[in-house]
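Protein chains: 4
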Amino acid sequence: MTQTVAFIGLGNMGGPMALNLVKAGFRVQAFDLNQTVLQQVASEGAIAASSALDAVSGADFVVSMLPAGKHVVGLYTDVKTALKPGVLVMDCSTIDAQSARTVGALLTQSGIDFVDAPVSGGVGGAKAGTLTFIVGGSSDNFAKAQPVLSAMGKNLFHAGDVGAGQIAKICNNMLLSILMVGTSEALQLGIDNGLDPKVLSEIMLKSSGRNWTLELYNPCPDVLPNVPSSNNYQGGFMVDLMAKDLGLASDCAQQSQSSTPMGALARNLYVQHQRQGNGKLDFSSIFNFFKKK
Amino acid sequence: MTQTVAFIGLGNMGGPMALNLVKAGFRVQAFDLNQTVLQQVASEGAIAASSALDAVSGADFVVSMLPAGKHVVGLYTDVKTALKPGVLVMDCSTIDAQSARTVGALLTQSGIDFVDAPVSGGVGGAKAGTLTFIVGGSSDNFAKAQPVLSAMGKNLFHAGDVGAGQIAKICNNMLLSILMVGTSEALQLGIDNGLDPKVLSEIMLKSSGRNWTLELYNPCPDVLPNVPSSNNYQGGFMVDLMAKDLGLASDCAQQSQSSTPMGALARNLYVQHQRQGNGKLDFSSIFNFFKKK
Amino acid sequence: MTQTVAFIGLGNMGGPMALNLVKAGFRVQAFDLNQTVLQQVASEGAIAASSALDAVSGADFVVSMLPAGKHVVGLYTDVKTALKPGVLVMDCSTIDAQSARTVGALLTQSGIDFVDAPVSGGVGGAKAGTLTFIVGGSSDNFAKAQPVLSAMGKNLFHAGDVGAGQIAKICNNMLLSILMVGTSEALQLGIDNGLDPKVLSEIMLKSSGRNWTLELYNPCPDVLPNVPSSNNYQGGFMVDLMAKDLGLASDCAQQSQSSTPMGALARNLYVQHQRQGNGKLDFSSIFNFFKKK
Amino acid sequence: MTQTVAFIGLGNMGGPMALNLVKAGFRVQAFDLNQTVLQQVASEGAIAASSALDAVSGADFVVSMLPAGKHVVGLYTDVKTALKPGVLVMDCSTIDAQSARTVGALLTQSGIDFVDAPVSGGVGGAKAGTLTFIVGGSSDNFAKAQPVLSAMGKNLFHAGDVGAGQIAKICNNMLLSILMVGTSEALQLGIDNGLDPKVLSEIMLKSSGRNWTLELYNPCPDVLPNVPSSNNYQGGFMVDLMAKDLGLASDCAQQSQSSTPMGALARNLYVQHQRQGNGKLDFSSIFNFFKKK
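Chains as they are written, first to last, in our numbering: chain L, 1 to 293; chain P, 1 to 293; chain A, 1 to 293; chain G, 1 to 293.
If you are wondering where the hints come from, they were derived from the structure by calculation, not from laboratory data. Treat the hints with care, since some could be wrong.
One copy or two, it doesn't matter: identical chains are merged, so the pair holds either way.
Stated by the list, open to error - Okay, derived cross-link-like pairs now, DSSO-like style, lysine-lysine, Cα gap no bigger than 30 Å in a straight line:
# : residue 1 : residue 2
1 : Lys-291   : Lys-280
2 : Lys-280   : Lys-206
3 : Lys-291   : Lys-144
4 : Lys-280   : Lys-70
5 : Lys-70    : Lys-80
Just need the whole structure built from these sequences, with the hints factored in.
Below is the structure:
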């Protein structure tokens, strides 16, 4: 029997994710405050709901993809009583863990199952259905989420209890920002001292400096093909989004009284880069920050 | 015909490296100011020279493995005129690039070929003959160095002209320190928020936080077997040595007026860790810096 | 005619502040959830109210001194309709500017005048009536607040509109933390190189390194008498409180997308110091962070 | 009887300093490799020597004002044997403490008295004779130096033994850079949140954020008159010079294995600012680094 998924939030990520659920054979009741994007997904097979309440009506699964914690808390406060018993709610937004836990508690009180399941992989991954989901929730709910999440992505991780998905994503992205800034500094130091960045990249890639950015996302133009740095830092993961995620990491560190000096420095360098008008460039453009003008 | 290698500097690294040359069939004329280590290598097949001058006499190759730039400059200033025409000098010490270039210029003036060839891989790699050499010098000299270096290591990189070996090593090790500190911060942030460090490590290893330290050298105890963190931070690469390399990176950045804020922060965190009495621990012990006491 | 002040929040700071209002001739209707502190101020001339609502009843002025933004928002949401027309509300808590603005908007909608007026000067200043108030609000309300605030402090600054008091305090305290850490580093660098910290302090105090911490609060023991550093870092302004204020500065910078790399580094060093068990020491104890163990 | 001072190094600082000695009645034997500046001071009453050796001949005092440690070591190595018994050598250059100690040892071996006496106060202070000298050397030599130094400056500090003058100056300037960056961040954070920088400066100046830069050198344009920030960051103390001094501080910290995370961050921010083409601006221009573009 066809299962119904309510999908709330049809932005750059949410829109293609909802359509992958349609392609996988789910009945998708979609909603977004923006009528243009709503009609777009409706034209490709989703059912346009008239409100979030309308969207969740009768749904077996709910997926939300919203900008910030307050939107997610607001949504589930509003629709909580309209959810069908036995539904599984999956919030795929990247938000603070505290809000994820608040929603989890709110729904659990009403007997509703919940996982937080933030994604990585960008708009390209959303379209291709190759996203990574980092899931927080019980093992049962992780299992229950798999058929839906698998229709939108190819890697599913179970990070721990509710909220753990957000924490793991934040930790990863904070570390990613450090790798990117550190790799940029190291390459520029080499260039300033006469090294060829391709040769230096190759050496470090085979040595203890190896990391994801050197492998797949070199920030120095023309070292790797088909990466944002070789395309004027267009496409990819925007500085604005990295700055947002580093803000979440900072909040998280504050809540747990954790010391993250490198993460904090990365955040401030990214914010400075953003303030200088680079918010829409790919986050590897931090490489330019260290160049000689 | 048997070729002769003069080997100057028989410390923890130099001793086993010299012996691997013996095993490979070279005639090794060894020297060290410390008679104990000199007799040790002599007992295993090297010829104990009575001085550096004596060691280089008639040698086809010279290898040096000394603590700092001043020792290397001093050595080659002293023995320069005693070197046989056609000899290739390979300095495998980790020193500042400026000293490497000074020695290169000094020897080139006398018509002597020179490469800087700093190593990585530690005492274990020196004994096993699996070191990595990062070589600076002409392509011809890089080719000429290979038979000797291959007897002591398995990866040879050609980084560029004289001095480039030191620069590339410094860039790599600065980046490594950033990976280590960043990974430690990210893991501790996760732990402080209830995540299991094994699960978080696994997730980041398959995500964009992937880096050499997560793969092979996790700083959190009991995530990986057979790494220093799972052995009370014994063995491996000492904090004292990382602090030294970060000092070289700082000098290098100063010479080229490069901005390396993350590298500088890593240096200061390592120096602080060192001052607190941890200089002899493995450098992954910086993980302890971020823990709750 | 005697004017009535409602005073909500009778902690280490609030208690002595309320009593200074009693001494100045105000009728003080005090409230705190903690009966012990409430009875204490009642025994010295304040009137113990049975609730916050009871305290504000008939009051010409309301002063609140609470731990965090959520408490302040909660308080005024609850008592808003019970406030007498023409009352002036002064919140002296150190909270985030956003919460101050939320309360300001809430009260303004009901026609109630509001200023935020965070204090500095510590428990000693609260007892002696020598606090500094940094006030945000209209010029009229700043003028209206003066008789009450003057009874508790001796310096009143008008920083700007509602919320500006909190912003100015946060900026000042962030800068203070930077002065303290920077002065500690500079003194320790001198000591490590053989200088007498008294001599170095005196030189910098008469040079361009001069700052409030060198003048009045030297972090190195036994340079100045009667400062926390000369008394085992007891008394003064606790590390826990500085860490809290630096958290507010971080939130504030995040809201405005400001880059504050030094402030962020100071925050992380203080959090690390706090994690190592020093939260109850005076904030000048960060000096110990840089010492050789 | 007229006393003779040899003065070596007649740059922007040295030239006016030498002339103040002429005005004070000393016979000044001046030398510089640059004939233009040498003829300039000769035209105002100094005696143009034909070489450094010629300049020191018969001198009761020697003052040097050179760019870097190597120049100072070179100078005194060359002229050592030509110095008159009983002469006092005063090196006023800002150089690394190690070089100052090397020169001190070199001269002491020959029975010559030496102090290091770096200055602050800039070109304006050099012309006006209002420099500050921070002196390292014995108490006797400090006393002996006073008549000469007093003719060029108004504040003389005795920091300790030979080298201590350099250390104290470096500590002070490192702290100054931290005050400047910290004050810039705090002011910009206030501005970003709607505060008037004049009002905020005034509040912090009367609070615990007070420091030399707020008092005399506010980095925000149009808060103070007659400071570089109110004159397009022209004049004052150049970014290039601050970057140089922070390099000396970094070297010094490395020698003593001191941790100076804030000093290191300040150095990297200044180097980055310098790389972006701002080396000739006053060092308060770091304020621009934090502005929104």
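Report task. List, from low to high, the hint numbers that the structure doesn't satisfy. Result -> Violated: hint 3 alone.
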